[in-house]
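Residue numbers (numbering that gives the first Met the number 0), protein chains in the order written: chain S, 0 to 355; chain D, 0 to 256.
These are calculated hints, taken from the structure and not from any lab test. Since this is a predicted model, take the numbers as computed values, not measurements. Relax, there's no trap hidden among the hints.
Here are the in silico distance ranges between beta carbons for each label pair:
#, chain 1, residue 1, chain 2, residue 2, range
1, D, Y86, S, S83, 18 to 28 Å
2, S, D66, D, W168, 18 to 28 Å
3, D, Y93, S, D27, 43 to 53 Å
4, D, W168, S, N69, 14 to 24 Å
5, D, L172, S, G29, 29 to 39 Å
6, D, N196, S, E175, 51 to 61 Å
7, D, T249, S, G13, 39 to 49 Å
8, D, L70, S, G13, 33 to 43 Å
9, D, R248, S, P88, 17 to 27 Å
10, S, P88, D, L241, 27 to 37 Å
11, S, V273, D, Y86, 50 to 60 Å
12, D, Y93, S, Q309, 52 to 62 Å
Positions of the beta carbon are idealized from the N, C-alpha and C atoms, including for glycine.
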Amino acid sequence: MSFLETRGLVVGYGRASPVLHGFTLSLDEGELVSLLGPSGCGKTTALRAILGFIRPREGRVLLKGDDITNIPPYKRNFGVVYQSYALFPHLTVAENVAFGLRMRKVRKQEVAERVNRWLGLVGLEDFANRLPAQLSGGQRQRVALARALAVEPALLLLDEPLSNLDAKLRATMRVELRRIQKDLGITAIYVTHDLVEALSMSDRIAVLNEGRIQQIDTPPRLYRNPVNEFVAHFMGYDNSFPGRVARVEGGGVEVMAGGLRLQARMGGEGELRVGDEVRVYFRPERVEISEGGPEAGNVIPGEVRFQSFQGHSLQYVVETPLGEITVVCSEGEATVNARSVNIRIDQNDLIAFRKE
Amino acid sequence: MRRGRALLVVAILTYLFLLSPFVVIFVVSFGQTLAFPPSGLTIQWYEKAISMRMFRDAFKVSLMVGLVATLVALLLGVPAAYAIVRYAPKGRQYMEFAFESPIVVPALVIGFALLRFLVHVGDIPVLPALLIGHTVIVIPYAVRVTAASLRNFDFTVEEAAMSLGAPQWKAFLRVVLPNIRTGVLAAFILGFTLSFNNVPISLFLTGPGITTLPIQMLSYMEYYYNPLIAALSVLVILFTVLVTQAAERTLGLSKFM
Numbered sequence: 000m001s002f003l004e005t006r007g008l009v010v011g012y013g014r015a016s017p018v019l020h021g022f023t024l025s026l027d028e029g030e031l032v033s034l035l036g037p038s039g040c041g042k043t044t045a046l047r048a049i050l051g052f053i054r055p056r057e058g059r060v061l062l063k064g065d066d067i068t069n070i071p072p073y074k075r076n077f078g079v080v081y082q083s084y085a086l087f088p089h090l091t092v093a094e095n096v097a098f099g100l101r102m103r104k105v106r107k108q109e110v111a112e113r114v115n116r117w118l119g120l121v122g123l124e125d126f127a128n129r130l131p132a133q134l135s136g137g138q139r140q141r142v143a144l145a146r147a148l149a150v151e152p153a154l155l156l157l158d159e160p161l162s163n164l165d166a167k168l169r170a171t172m173r174v175e176l177r178r179i180q181k182d183l184g185i186t187a188i189y190v191t192h193d194l195v196e197a198l199s200m201s202d203r204i205a206v207l208n209e210g211r212i213q214q215i216d217t218p219p220r221l222y223r224n225p226v227n228e229f230v231a232h233f234m235g236y237d238n239s240f241p242g243r244v245a246r247v248e249g250g251g252v253e254v255m256a257g258g259l260r261l262q263a264r265m266g267g268e269g270e271l272r273v274g275d276e277v278r279v280y281f282r283p284e285r286v287e288i289s290e291g292g293p294e295a296g297n298v299i300p301g302e303v304r305f306q307s308f309q310g311h312s313l314q315y316v317v318e319t320p321l322g323e324i325t326v327v328c329s330e331g332e333a334t335v336n337a338r339s340v341n342i343r344i345d346q347n348d349l350i351a352f353r354k355e
Numbered sequence: 000m001r002r003g004r005a006l007l008v009v010a011i012l013t014y015l016f017l018l019s020p021f022v023v024i025f026v027v028s029f030g031q032t033l034a035f036p037p038s039g040l041t042i043q044w045y046e047k048a049i050s051m052r053m054f055r056d057a058f059k060v061s062l063m064v065g066l067v068a069t070l071v072a073l074l075l076g077v078p079a080a081y082a083i084v085r086y087a088p089k090g091r092q093y094m095e096f097a098f099e100s101p102i103v104v105p106a107l108v109i110g111f112a113l114l115r116f117l118v119h120v121g122d123i124p125v126l127p128a129l130l131i132g133h134t135v136i137v138i139p140y141a142v143r144v145t146a147a148s149l150r151n152f153d154f155t156v157e158e159a160a161m162s163l164g165a166p167q168w169k170a171f172l173r174v175v176l177p178n179i180r181t182g183v184l185a186a187f188i189l190g191f192t193l194s195f196n197n198v199p200i201s202l203f204l205t206g207p208g209i210t211t212l213p214i215q216m217l218s219y220m221e222y223y224y225n226p227l228i229a230a231l232s233v234l235v236i237l238f239t240v241l242v243t244q245a246a247e248r249t250l251g252l253s254k255f256m
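For reference, chain S alone in the conformation it holds in the complex:
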């Protein structure tokens, strides 16, 4: 039995058409699952439905097998951390953390002890008597986390908790959040639009688009095997070109595109057949660029249009018969200076999806 389960949630606001269409997700105890998608894909709506702030039109929410669909939010014992932190502006840090405990009528002495313990865990013992307005973004973030965790919630929900932090702090907080979540063994749902965040923190990721889950899988599998064009695009397969299937061989296909014959693998469900219109996706960093003559495999000639140094990597924009292709090389790899280049992509790195 899974720890938390949503079954076919249909959620909408007012009389408008639903934002979520049949949202089904299940989490095991102690697991962190990310809801990843662009803004407006329904991920926050899903979170609010799980929290109980919106009643779904259809579907159920189950916690350890018990139907909690009709239980009000304040009885669910879920902790939530919002993007805006949503701290109580009129209460001190300690009072913020104590709020949930006081609502649960915990004894005063115990409240004080637990508040201290949580503030210690997030490293804010010295800030107990400050007001939220006197804290930095990162500190507010920690207060919000301590406040949500202090009630020992059954489930922790995080709604883009790191998006208001600067890049460096975000990277540290990612690690810290994940460490705390694992140490406590708490089940968590993490809403984000940031791929790196989702990949680095999650046990599994559910990619959402237009109110539907496109794919749920572990980060490496999702990264390597996107099931459709949307997921591929979201997973950083930034290059793509149209083509037509010329030959099918096992799991591989030969695609005719821009006068070239390229070997690719099939993506998504259902077999491709000869003559199918496809779109082929690949990642900028899975491309070799060289000045040398043609080698074996998928070789595409091109001309460098633009080149930029990005510190740990070099980026090229190459004009090819397949259109403009972005190539990213690690710094230190052989660099090219010529205008005319050849780029080579492994068959396994080209994924062909049937055109929808």
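Following the hints, put chain D in place on chain S, whose structure we already have.
Frame of chain S; chain D shown alone:
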């Protein structure tokens, strides 16, 4: 520099325009007769104003009506504002208009209508009718001012409170209300002064034995021509300032916890 000086002149002139009537009233209130500039100084009018029973009773009525009407208006207006802002219901603009209609309709008309339906038809005694009348004129301000304050409130904070185990009413009292207290306070001060100084409604709804201070002053002026009214005005202004200050001190700084 020149522009700054021009603005300063305008500001001074505006202040003069606004304050000169008060200055005149203040000076006249110490005069022997109702003349400006006064011919001799005295504080007898203050003594008289304070000692006169009719004014003391009227003051008590005004104070009571102002407090009760404003509190009732807030009790009705704050939840209304909360509902309008929080849930943005359909036809919200009509609701807001309905709450604001007492501002649009001339107060005399409201006063007359209330007299007609509450006192004549409904046979309601004078004091409750007066309270109802004043509540009606304060409600628009209670709704408006608290709604403005609620529009600046981030309702995810309320949701956070609910997720932490607070039912909505508790979340409202513990989290929403403390954060809109400046708005509620402003509404209170505005509503109280409005009620305390109101003439058109009270004109219809005061009766034998129960009169508000402004109405009592009005009827006094119909018969007597002396600086007592000026002295009384100074006292009323002073009182209003004191109430405002006191409200800000006590409610403005403390938390609702």
